[in-house]
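Student: Below, each chain spelled out in residue letters.
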Amino acid sequence: MEFKDYYKTLGVERNASADDIKRAYRKLARQFHPDINKTPGAEARFKEIGEAHDVLKDPEKRAAYDEVGAGYQAGQEFRPPPGWDAGFEHGEAFSETDAAAASDFFEALFGRARGPRRGPGAGFATEGFRAEGIKIRGGDHQAKVLIDLEDAYRGAQRTISLRGVELGEEGRPRLRQRTLNVQIPKGIRQGQQIRLAGQGEPGIGGGPPGDLYLEIEFNPHSLYRVEGKDVYLDLPVTPWEAALGKKVRAPTPEGAVNLQIPAGSAAGRKLRLKGRGIPGEPPGDLYVVLQIALPAAETDAARRIYRDMEEKLDFNPRAKLGV
Amino acid sequence: MTKDQEGYALGTVIDEATAVTLEEISFFCSVRRERIVALVDEGVLEPKGREAGEWRFAGHSLRRAARAIRLQQDFEIDVAAVALVLDLLDQIESLKARLPPNARN
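If you read the sequences in order, they're chains V and U. For what it's worth, the working numbering labels the leading residue of the first sequence as 1, then goes sequentially. For what it's worth, the working numbering labels the leading residue of the second sequence as 1001, then goes sequentially.
Just chain V, with the same shape it has in the complex:
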């Protein structure tokens, strides 16, 4: 397994003070928190930062890390010395999120004791629901599902693999891997959730299981952008198509259609294809936004036409600018 340089992750010196570490962590967390930063990779980075902070903020863990990590560089093959962590207590309840979050490196050093992360997705070890001798409903679980815009038009099927904790014999939590086949209904929109009743954390003491919430996210599309249930397409047209009007082919998520470009269209004109957005009751609309593409003046013939226009058309696009 690779050695992780937690100091490097936070961008601090090895002799950084607790305040330095906190400051560096906060600054990076504000930048990469997955609730703030939606770019791919931000969540993974946030987990690394969190893991580094978990270790370095705790004087005992930091001392243990410094001792065992002396002489290692980031990325170097790492082998913990035998029996080195005998004094640590592991085996605290951990949730799906935590088990997935901690790196192998972290687990080798500190076991699976990271967290438990409080709050959404934290499973059953949570405030307000801890009690003994009574039936407790299992916690709700969340997972993200990436689909294409086209899937929202047609509906889709997904097989989701879930790593979760279940209570085994003697009430001990153990890891369980399972898969679930899910139908993504037609008309689903970015950010919506699908609730699967009873597919969350198992209950305690015979309590009912929690629910599984799948959060739908669209993969970025090369042609379309989506706002709620409306879909936008930038469509390049020629100056003569915009000026004189023309029937052209335009792609839509449901297949290409014929589209009438009205004569006298300006760049940025929006043509609405009613009901061609994401299906629903009522369905969204598809907006085609015209972009005027200029042919290159690379040949004599093309240059001649541009010169011809210059001479024959009395056209000043800057008239309104007072120049």
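Hints are computed from structural coordinates only; laboratory data are not their basis. Careful: at least some of the hints might be erroneous.
Unchecked claim - Below, in silico cross-link-like pairs of lysine to any residue (SDA-like), each with a Cα-Cα straight-line distance of 25 Å or less:
(1) U/Lys1003 <-> V/Arg189
(2) V/Lys38 <-> U/Lys1003
(3) V/Lys274 <-> U/Ser1094
Starting from the known structure of chain V, arrange chain U on it as the hints suggest.
Tutor: Showing chain U alone in chain V's frame:
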């Protein structure tokens, strides 16, 4: 859980029309209901109904509440600050949605 003919699980889509209770939101966020009530008091969540027992939240409130709670915990900020953060994030998201796909990140 219901399944279609091919054995795929059919869930319930949570959309604006779905009514969610205070209990469901607190459970989803794994927090005491007081934390959710505080979000309502700050205007982060806007349920229908007069008293907490009768409150019905729109479906997207589940995600919004979870996001608010995570931000509060991870940055140790109070409810007023989280309300401001969420409003600003909403603005950024709606502005980004208007950008052409290749200019968004």
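Student: Mind listing which of the numbered hints don't hold for this structure, in increasing order?
Tutor: Failing hint: just 2.
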